[in-house]
Amino acid sequence: MMSYRVLLIIISLCILFFPGERAGAQSQVPMSPQTQACIGCHDTYSPGIVKDWLSSRHSKTVPGDALKKSALERRISAQSLPKELAEYAVGCYECHSLNGKNHNDNFDHSGFRVNVIVTPDDCKTCHPVEVGQFSGSKKAFAHKNLMENPVYQVLVNTATGLKRVEKGKIVSDKPSDATLHETCLGCHGTKVQVRGMKKIATKIGELNFPDLANWPNQGVGRVNPDGSVGACTTCHPRHGFSIEVARKPYSCSQCHLEPDVPAWNVYKESKHGNIYSSKHKEWNFESVPWVVGKDFKAPTCASCHNSLVISPSGEVIAERTHDFGSRLWVRLFGIIYSHAQPKSGDTTIIKNKDGLPLPVTFTGEPASEYLIDPKEQAKRLTVMKGVCNSCHGTNWVNGHFVKLDSTIKETNEMTLTATKLLLEVWKNKLEDPSNPFDEAIEQMWARQWLFYGNSIRYASAMTGAPDYAAFKNGWWYLAENLQRMKEWMELKKKAAGAQ
Amino acid sequence: MMSYRVLLIIISLCILFFPGERAGAQSQVPMSPQTQACIGCHDTYSPGIVKDWLSSRHSKTVPGDALKKSALERRISAQSLPKELAEYAVGCYECHSLNGKNHNDNFDHSGFRVNVIVTPDDCKTCHPVEVGQFSGSKKAFAHKNLMENPVYQVLVNTATGLKRVEKGKIVSDKPSDATLHETCLGCHGTKVQVRGMKKIATKIGELNFPDLANWPNQGVGRVNPDGSVGACTTCHPRHGFSIEVARKPYSCSQCHLEPDVPAWNVYKESKHGNIYSSKHKEWNFESVPWVVGKDFKAPTCASCHNSLVISPSGEVIAERTHDFGSRLWVRLFGIIYSHAQPKSGDTTIIKNKDGLPLPVTFTGEPASEYLIDPKEQAKRLTVMKGVCNSCHGTNWVNGHFVKLDSTIKETNEMTLTATKLLLEVWKNKLEDPSNPFDEAIEQMWARQWLFYGNSIRYASAMTGAPDYAAFKNGWWYLAENLQRMKEWMELKKKAAGAQ
Amino acid sequence: MMSYRVLLIIISLCILFFPGERAGAQSQVPMSPQTQACIGCHDTYSPGIVKDWLSSRHSKTVPGDALKKSALERRISAQSLPKELAEYAVGCYECHSLNGKNHNDNFDHSGFRVNVIVTPDDCKTCHPVEVGQFSGSKKAFAHKNLMENPVYQVLVNTATGLKRVEKGKIVSDKPSDATLHETCLGCHGTKVQVRGMKKIATKIGELNFPDLANWPNQGVGRVNPDGSVGACTTCHPRHGFSIEVARKPYSCSQCHLEPDVPAWNVYKESKHGNIYSSKHKEWNFESVPWVVGKDFKAPTCASCHNSLVISPSGEVIAERTHDFGSRLWVRLFGIIYSHAQPKSGDTTIIKNKDGLPLPVTFTGEPASEYLIDPKEQAKRLTVMKGVCNSCHGTNWVNGHFVKLDSTIKETNEMTLTATKLLLEVWKNKLEDPSNPFDEAIEQMWARQWLFYGNSIRYASAMTGAPDYAAFKNGWWYLAENLQRMKEWMELKKKAAGAQ
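Residue numbers (the working numbering), protein chains in the order written: chain C, 2 to 500; chain E, 2 to 500; chain L, 2 to 500.
None of these hints come from the bench; they were simulated from the model.
Since we're looking at a predicted model, the values are computed, not measured.
In this text, a Cβ means the ideal position worked out from N, Cα and C, and glycines have one as well.
There may be inaccurate statements among the hints.
Unchecked claim - If you anchor each label on the Cβ, the simulated ranges turn out as follows: (1) C:Asp174 x L:Val317: 41 to 47 angstroms; (2) C:Gln378 x E:Gly101: 36 to 42 angstroms; (3) C:Asn429 x E:Lys175: 26 to 32 angstroms; (4) C:Glu74 x L:Asp66: 47 to 53 angstroms.
Taking the hints into account, I'd like the entire structure generated from these sequences.
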């Protein structure tokens with residue numbers, strides 16, 4: 002090991018004295034000596050990371066210059082920065098060395114104290130407004146909202162627990178960390194924990210690294226070793242941190258897809274998605290602010306939900322937000338009914354009239370005190386309509402949302418119809434209500450709102466994907482599944498009577 | 002309101018006197034004064050529309066020049082045009098002011114009489130051949146063929162009607178307009194009706210607009226307020242009207258997708274689709290005529306079904322058509338069996354031997370007098386083979402279609418097998434034949450031909466997507482679903498006996 | 002015919018004397034006289050083929066120059082070539098005339114002896130290393146492995162045989178050649194057979210061609226008329242033979258897709274796929290060798306499984322291979338359990354302890370003597386980790402594969418649980434074990450490992466597509482399907498008792 006460290010020092014010194022000789026030379030802006038040292042090794046041992054970073058804006062600008070941009074053009078929301086960050090490219094060391102004392106994953110790596118994971122609390126050094134917005138959003142609570150809600154826990158455990166047949170009954174273990182990580186927490190985010198240090202064999206010999214549990218993971222509500230929540234890399238993947246990637250719909254598609262949240266599938270088949278697919282090669286996904294009609298001619302997810310969008314004449318049409326629900330008035334995702342958006346991103350605080358931590362009761366009554374009121378709903382709808390108005394007349398836009406309202410109401414009624422059937426099943430003791438997700442009719446009922454109701458509402462909201470409302474997990478399935486629930490119930494009744 | 006009108010007049014006058022000062026300046030060709038006035042406001046209030054139009058050929062040429070092109074290069078099929086249309090760019094006013102007296106949606110908008118909806122009857126001013134071809138196609142009758150066919154109406158109502166449980170039975174309402182609009186009529190087209198006028202709050206105050214029911218909608222068989230049918234914007238979306246968008250497969254994918262019509266899904270996974278995905282960035286989707294081998298190297302939907310395709314040496318391989326079935330000899334979409342293409346686009350006139358408005362009887366006998374005869378079938382197959390021959394030898398092409406013939410025959414036989422099971426179910430009074438779509442075995446039967454039979458036939462027709470014929474809604478499902486029909490029937494029999 | 006032959010000779014002579022006058026002129030390199038004659042006709046009669054070839058590297062270089070490239074840059078693996086091949090572009094005649102005496106499809110075509118099908122045995126004239134690697138792979142045995150394995154034959158016949166209802170029972174024929182061709186053999190490859198010669202009507206009159214059965218087909222394990230196996234055109238489609246097409250994931254997607262092998266679906270939704278979709282337009286898919294970080298910044302299928310990948314500094318990260326399993330240690334595709342990769346590409350030689358030609362017994366015991374041992378597994382895993390290390394630290398990579406190991410173990414256990422239920426069904430004579438794929442519970446059991454177990458393992462292997470592990474054919478389905486198996490078994494039991 003000694004000789005390895007000596008080698009490292011020599012490499013670092015070489016770089017300091019001949020700074021133009023290596024990968025760094027491709028960067029137009031000064032790199033800190035520490036970052037040069039990082040690259041000195043990693044350009045050999047993980048070149049993909051280095052080249053990716055070299056393609057990033059982080060490598061091509063210094064924050065000091067970024068601060069000088071006009072308000073609309075700024076990509077940085079800090080008002081000022083310490084000198085050592087302002088004058089260098091945003092390199093390896095600049096990000097991985099921040100707030101080390103808060104980081105359980107901080108360690109000595111070849112003479113430098115670095116953190117394995119760069120967290121939102123680190124990113125907020127330069128991007129405090131974005132991290133602030135994010136921290137109040139449902140996304141920031143994605144881990145907690147799932148893992149600390151007893152009802153959802155029953156669903157998670159029933160679906161993902163390892164199952165055995167014992168004495169004719171299906172017995173389920175609690176899900177393993179690995180399986181949770183790959184299923185629900187792949188999107189919701191794991192709790193990354195430091196178990197200590199361990200030696201790992203690498204190409205340059207054994208090295209000491211923090212021993213991380215539930216890692217790697219980029220779930221949007223990840224709980225980090227510095228206690229912060231979230232992962233900016235969910236949408237801005239390392240180490241290019243490209244705004245283009247975040248604005249293109251593929252990022253969102255990783256989690257928002259069929260059968261439970263078919264936002265991506267519906268978008269892709271909609272008229273907006275069609276135009277995107279055919280024409281986006283001519284659009285500009287890099288410019289800040291983003292000019293409707295000039296930079297893009299049909300929206301992506303980001304246009305309607307997040308980005309700072311302005312008109313060609315410079316009028317702000319929608320402010321940038323990293324609170325991803327803040328332009329939304331209604332939550333299409335039914336649990337179990339579609340409902341007004343929750344007031345707080347932390348939905349574990351909700352208690353409905355049944356005493357359950359759900360935004361609506363089993364029979365459809367909303368837990369209104371935890372949900373935004375009609376006035377706030379109207380305000381948010383107005384913001385969204387403003388985006389639509391960039392390309393559609395008011396008459397058109399109003400017609401669209403009247404239709405969505407009707408669909409929300411009808412799909413909620415279909416959920417109620419299925420729920421009434423389930424209540425009858427339970428009343429007749431054909432299935433056991435203690436776990437509402439583990440028997441055949443119960444599972445049909447869950448499909449009704451989780452798969453089919455949601456599909457239809459997403460199809461309605463992004464009008465123009467009729468098959469997601471009709472045949473593809475849509476009304477056909479709603480009708481067929483309801484019929485099967487009923488006929489299955491009758492067969493079970495007769496079988497019970499025949500015993 | 003007075004001051005608003007004065008303002009408008011001032012804006013219009015300004016534009017007339019300083020025509021180079023605004024958005025219009027980006028257009029290379031003269032705009033009519035009326036269109037300049039439109040843009041004067043809409044560039045501010047709906048800039049996306051204006052910018053999209055500025056990207057269109059309509060904004061970059063005048064019809065007078067378009068008329069001078071050679072026959073093969075022409076994108077306009079009128080022989081002559083009135084002077085006021087020939088000399089200006091095809092702008093807002095040129096399209097939205099046509100045939101006002103036929104339009105129930107004609108209204109006074111800031112001093113101009115305009116129609117909300119531009120219809121095929123308006124487009125045919127310049128494109129009469131295309132509209133003429135379209136008007137005889139099944140697409141033009143897409144609304145009528147669905148909504149005025151009593152059998153399909155039962156299917157539509159059963160699937161999309163709101164359902165309640167009453168005294169242990171599932172009771173279905175008639176579907177709402179909103180739900181029809183978002184499901185079946187999203188593709189088939191709504192009947193847009195003018196309910197009168199209404200005041201709408203816009204950014205510039207309250208304005209009077211026609212109050213339109215079932216709007217917005219771009220379904221291909223839309224019934225318009227001028228009595229015409231169709232929507233050119235289904236494939237040529239406003240206001241770019243791009244031929245590139247229409248030629249790329251995403252347009253077709255909006256309606257022709259799994260599970261009932263998986264043309265897009267199959268194409269995407271086929272060898273043609275694979276080459277398209279990998280290489281289309283190098284192709285030319287704008288040129289007229291479209292040169293196989295030069296402009297594109299693998300077909301999209303439009304190459305085989307619609308476009309004017311010529312060889313590099315100038316030979317016409319296929320004439321342009323907007324009668325979308327005119328190169329087709331067989332209708333893969335089984336209702337309930339695959340059959341020869343109907344003679345008329347209006348399929349409500351068909352009556353089969355069972356007296357039903359279906360092209361084939363329940364047991365497979367075609368209503369031949371309403372379907373094209375073998376001679377016409379052969380003629381159309383020859384046209385299609387001509388397209389294939391651009392890139393494939395005759396031996397190859399023949400082998401392909403022999404395979405397709407076999408698959409049509411076999412999938413039809415599988416439908417017959419399922420139908421015989423259903424007849425047995427009905428004979429045994431296990432389900433009620435009065436509605437063939439509302440009970441469990443009936444719904445399995447519908448899946449058999451609507452989802453699985455269709456998938457296999459589309460996969461066969463665009464050979465190279467084997468999973469859509471095998472596991473993905475293919476033969477696996479045909480076999481499994483048939484088995485379930487049978488076993489479900491047996492369980493119902495025993496349950497009936499146990500009563 | 003005589004005058005046609007005379008015409009041909011005249012055309013050929015014209016081309017020989019005025020070689021710059023036709024399509025050939027677009028090629029920068031000399032074409033053989035024979036190829037010029039081919040093009041003389043085919044440029045008129047199948048121009049798409051000619052133009053596609055003109056876009057290929059085969060038309061733009063001569064093998065003699067290709068031989069001079071450095072080892073890493075070479076796209077040709079022969080050490081030397083006969084003069085007549087080395088000095089001309091790789092044209093029609095160069096490929097279609099090779100090894101004619103081995104080809105049952107060799108025939109006289111307008112005075113030239115040519116083969117209809119160019120096979121791997123022909124391609125190996127220039128590419129012997131690639132064909133050699135391929136010939137030992139499972140892909141080369143894709144036809145045999147499926148069609149000569151009695152267990153798989155039961156599955157194939159049950160799914161794809163035409164079915165009738167006779168005396169209340171479903172009776173299945175053997176599948177037709179056409180249906181096999183379009184389903185299983187679409188990917189696995191048909192056995193192309195020459196039935197003799199036949200006259201075919203073409204645009205230039207009747208011509209004599211070999212009469213080929215099971216043609217056209219590009220399945221990867223196709224059995225060719227020269228006795229060789231495979232089709233290079235599966236991934237390098239004719240006549241562009243583009244390395245770009247082979248490296249882009251769409252090629253693989255044709256066969257590796259949901260529900261049984263959802264590699265493409267999972268990739269597309271993964272972080273790697275997301276970055277590919279957003280950024281691949283900026284990457285270089287043509288360069289040999291392929292430089293990670295420079296030519297591409299996120300992997301496609303080829304990066305990890307096949308391509309020669311080097312680092313920006315020139316270090317070889319992974320050698321090129323056309324033995325597509327050679328970097329794989331475990332076979333995710335469960336039959337019926339996931340297991341170590343087979344030693345031989347020919348899996349028909351395997352016999353497990355139950356005496357069945359399957360790599361694992363019904364209860365999970367692997368046929369270890371036919372599978373690679375832990376040492377070979379470790380060696381292959383090291384190669385794959387080397388690819389990952391280009392962009393990910395060792396800690397990250399190790400964490401990923403620990404997770405995959407856990408998932409393989411758990412999904413195998415879930416298969417065992419379902420298998421135990423099935424054994425109980427058989428023991429109780431509720432279904433007949435003589436065919437394990439043709440009754441309702443058996444088919445649910447097949448879905449358990451073929452659709453759901455596989456989906457979860459693929460999602461795990463390309464971490465970042467959580468919905469394919471959770472709701473989309475994932476754990477939700479595993480749990481629900483298991484529950485249905487059990488409840489269906491109970492209903493059948495009661496129905497049997499009620500008889």
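How the hints compare with the structure:
1. C:Asp174 x L:Val317: 41 to 47 angstroms: Once the Cβ atoms are compared, 45 angstroms apart, the range 41 to 47 angstroms for Val317 (chain L) and Asp174 (chain C) holds.
2. C:Gln378 x E:Gly101: 36 to 42 angstroms: holds (39 angstroms)
3. C:Asn429 x E:Lys175: 26 to 32 angstroms: holds (31 angstroms)
4. C:Glu74 x L:Asp66: 47 to 53 angstroms: This hint holds: roughly 51 angstroms between Cβ atoms.
The structure meets every hint from the earlier list without exception.
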